[in-house]
Structure formats: C-alpha cells, structure tokens
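Asker: Okay, here's what each chain looks like letter by letter:
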Amino acid sequence: MTLELSHLHRRFADFRALDDVSLSIAPGEFVALLGPSGSGKTTLLRILAGLDFPDAGDVRRDGRDLLSVSARERGVGLVFQHYALFRHMTVFENIAFGLRVRPRAKRPSRAEIAERVEKLLKRVQLDGLGNRYPAQLSGGQRQRVALARALAIEPDLLLLDEPFGALDAQVRVTLRRWLRHLHEELGLTTVFVTHDQEEALELADRVVVMNQGRIEQVGTPDEVYQQPGTPFVFEFIGRVNKIPVKFAGGRVQAGDQRFDADPLDGIGDGSGVAYVRPEHLAFTTTSLDSGWKATLGHVFFAGSVAHVEIEVPALGLTLDAELGGDEAQRRGLAAGMSVTVQPRHLTVFAHDPKTGQLDPSRRRVVHPRYGQAALARMR
Amino acid sequence: MARRVLPGFGLSLGYAIAYLGLIVLLPLAALALKAAGLGFSGLWAAVTTPRVFAALKLSFGAAVLSAFINAGVGLLIAWVLVRYRFPGKRLFDALVDLPFALPTAVAGIALTALYAPNGWLGRWLEPLGLKVAFTQTGVLVAMVFVGFPFVVRTLQPVLETLDRDLEEAAESLGATRVQTFLRVLFPLLLPALLTGFALALARAVGEYGSVIFIAGNKPFESEIMPLLIVQQLEQYKYGEAAAIGVVMLGISFAILLGIGLLQRWSRRWAER
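Chains as they are written, first to last, in the numbering used here: chain A, 669 to 1047; chain B, 642 to 913.
Just so you know, these hints were derived from the structure itself, not from any lab.
Glycine included, C-beta positions come from ideal geometry on N, C-alpha and C.
Hints may be right or wrong, so weigh each one.
[Said to hold, decoys possible] Looking from chain B toward chain A, a few residues come up when the C-beta cut is under 10 Å (computed):
#1 801
#2 806
#3 808
#4 813
#5 829
#6 905
#7 908
[To be verified] Far from chain A, some chain B residues (derived; all Cβ distances over 10 Å):
#8 666
#9 671
#10 679
#11 736
#12 742
#13 870
#14 871
#15 901
Turn these sequences into a full structure, and let the hints steer you where they fit.
Answerer: Right under this line is the structure:
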C-alpha cells in the first residue's frame, strides 16, 4: 500500500499544526515521525487515522482519495500512547472488539473470532492472559494488547502514537526490538510518532523530522544523523557543538583558526554557524600550529563512552567532545590539561543577510586540511 | 497490622462506627421497637389495608419511574456539561444544584402554581387532556424535580475521566457511534449511573414536602406513603405510623441492596 500525502495544511486557531507537508510512504515501510511537541507529528498521524482533517491538501492510498473515507471504514490499525484499552473488557474481548462490531454479513463466526484472537494473543506473547482485565496487566503487556487489538482488523496501515512513551526505559528497549521483528514478519506499512530520537533512529527505515508544522528532513536514520540538512535537525538529533563562524574569501574563520577547505562557492562573505558532533572533535596534548588551544574541563566517564568538556578561550566556548571510555582512560585525560583541538569536519550554514536566520540552502560540509604530520598524531 | 501512613486507624474506625450507630441505626431501631409494640397481628392489620397498598404502589412506582427519568435526562445533561463548551455553562451548571437547596415546600408550591389548571403550564396542558397537578402525574413531576441533581452530580466526575481516546479507538476499530456508546461508554458509566439512580430513588421515596402540595392527596389515588404516616401520627396512632415506616424501610433497603449488588457486578472489571 502506497501513501501519498501532498501539501497538507492544518491550523488550530492561531497555531499552524501542519504547514505544507508532503510525503510519500512506500509499501511495507517503517516510518518515524520525529519532532518536539507542537511540531505537527501527531496531527499528521491523526489525519492518516481519519480522526482529524486537513484544511487543505490531499492524501491518497494506492491512488485513491483517503480523506473521504471515514475513520470507521479506513481499516487502519491505531495504537495510542496511553493504550486506550477498554478497561471493562477482558483482554480477549478487547482484541475481539473490532471483529464483533462488524456488520453481520462481514462478521466472522464466534469460533473464527476465538481462533483469531488466540492466534493474536500468541503473536504478542500474551497467550493464557485472555481472561485478564487491563487493570491486571503491566504497562508493556497493555501496549501489546493494544497492538493485538489494532492488528485484529487486519489493517493495511498501522499507526502508532508515541507507542513506548508511557513505559520505563528497560521495557521500552525490549518492546521496540520486538516491534521491529514483528514488523519484519508482517511487512505491514507502519507509521509511528515519537519525540525520542533514539527510538526513531533505532526502529525506522526512514525518519521524518518535523518542526513547527513543517518537514525539516526525510532520510534514513543514518542520513539524518550523519548529514543533517538543517540547523534544527542538527540540534534536535544527537548532541552537537555550535560554533559561530565568519566567511571571508571562500574560507571559514572560527576564532583564531582559518580552515583551509575546498572553495565555498556561492556562500559569499558574511557570518554563519558551524556544527560539529562531539565525536568529530579530535584533540591532543601535543601543541600543534593548526587547531584551537584549549584546556580540558571535566571528564565524565559514562561507561563505554567518556564526555570531555574542552574550554576554548579563542571561541569563548566550552565544547563537548566524546571518545571511547577505554581510550580516555588510556590517555589519562584529566581536568586542567592543555590540548590542541581540531574538528575533523564541520557543517556550516550561512546567515541569510536579509532575515538574519541560518539559511539551510546555504549549507556546506567543510573538511579542513591540516598538515599530514599533525593528523598522524591525532587519534 | 501493616504500618499506615496516617495514624489513628483504631480511633477513627471506632468513631465512624459509633457515629453511624447513633445517627442511623439507633432511630431505625427505635422505629422497629415502636412498631413491635403493636404485636404481630396488630402490625399486620395496620399495613395490609387497601389504602396502604395503594399508597405503597404509588410511592414506589412513581419513585422508580422518576429515578429512570432522572437517569436518562441526567446522563444527557452531564454529557452536555462535560463535553461541550457554550456561553452560560457555569450558570447552567450551578442551576443543577437548585433542587438540593430549595426548601421542598417552596418547590411543591412552585410546581403546583405552574401545573394547576390555571397555572402557566397547566392552562396549556389542560385542553390537551393532560392533568398534572392533583394527580399521580403530579407526584411523579415533584419526584423528578427533587431527584434530578443526583444523577448529574454522580456522573460528571466519571465522564470527565473518560478519555476521548476510547471513542477514537472504538471508531478506528470500525464501531458505529451507537456501538461505541453501548459497548464502550455506557458500561463504563454504568456504576456511577447506578449510584445516581439509587440516590435519586431514595430521595424520591422519602420525599414529602414538595409532593403533598402538588399531589392533591386523594386516598387510593394520589396519596403517598409518607403522608399516610403523618396522618396516623395526627391521630396519635404512633404504633401504626411506625409499622408503615418499617414497611417502607424494608422495601427501600431491599431495593438499595439490589442496586448495590448490580453495581458491584457492573464494575467487576475494576477488581484486582
């Protein structure tokens, strides 16, 4: 089943929930809608479910108009953040609900319903719990009941609204691996909403990053992490250092450092911002000519990784660097050490001279050319 | 015994039981004792007259009917008050409690003035062949009036906790609006609805002040049980009055117990 969303707009009073959103979803794809609250991701999901309607725009399923089909007739499986289980019904009755409310002509027989519910209970690993009431289940179990209930109507599209939002960290990780396996088994086109980047990156085939009702970037988890297209995506996904820069003569100037790089065509002179991931900051205790002179601040050992604060006077900033925990131990890193810092690569955005905002269309990735000798000494 | 956050379990339980005994059980025991003074045959004679039967039928028949009406209308009003926003909502919400606050005699006089053959409503209903004041219908109207707030007030908090999610989930699973109401919402509201029903019923059975003004109090026709008791008292027949009271009490208790059991069944899903 292919979904084609084009130019969706939705306003609530003064609030723009969706602002010209277009997206296409391929059959069997697992798509994450990722964004902060108020970014429009839930509105988009609700429109797909038929619980909300756009002011303008068009949604097509396999080429046919979806918006004119009522939620009741869409045959879309929907799982809510807080499960929305019918608490006066047993687990069995909850799962059977979608089958029992069908018009008589389309309703399976009692025995068939029982058989299908049992099969689903097994699928979500809840066999034997059919007679329990939702109040007698744990959070993870309830979420699986909600999923089984949605799957019972044999949907061709599965929608999940913050499916793991209400669970504790451990259950969350187990359940999301399980969901990924289930998706591989069923091959069901799935769209889920989350504000948790880790969840989106780990689960989805494709991540749709949303902000203020617009789509910022669509890409594989690797793409949105490694090559963020906009300043927002940089700041929203993963941790990042934000360094003010100047563009002059096709070069990037940051503090006292000028980075020799491929010509920055089409950017012109002006100011901007460079983004560097913590793991892309290299530093050495050897004093080098190129690179910022800096002092180590606190070193945080967090298990397999170590986070290092680096105070750079030339920038007036404290940068975050990240390296393996073992390596940090081996190098004997401690607060107060003098170091030279070199970013391995930076992504720069130039300010739009008219609006003063960073302009995503004026984005360049800069790979500074340091002397070979210097590089060799870096890890 | 397990340790509790707040101390004083023994003291507060003891106080609660003593208070309940003093306020509720003691007068009831006195009532039963008084009635027992008649002896069994006297008791039997006092409560098996045709007039008592007629009043019994009216009192409980009208009270049950009024509780059903209040359950239906109260559900609707609670729904409107919780689910919709409209100008004057707060005022409307405050009006619901008015039957609680009004002295019942005032309510009775107001209703009588309204429904009397020359009253504001009565004069339009009379030509249609609908007599309200001084008939059994009048009794019903007064009972509906005094019992009305109970259902609204017991349903409101429960309705507020019902998530929209539930309706949306039902809809996306293919349920029609009627199915969503009957299979999802109504069962969840039923326990509170039964509580409201029981309270409205109890109030209607015991109502005296507003009913006697509008009922006309014709023997065998529009005479309610509490009035019968008052009449016995006025003739200094305390034993007979107590006997009728005990009968009312017995029936009321049986009905409330029945509703209580039904309610427990209706919320079996909430038990662990």
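Asker: If any of the earlier hints don't hold here, list their numbers in rising order.
Answerer: 1, 6
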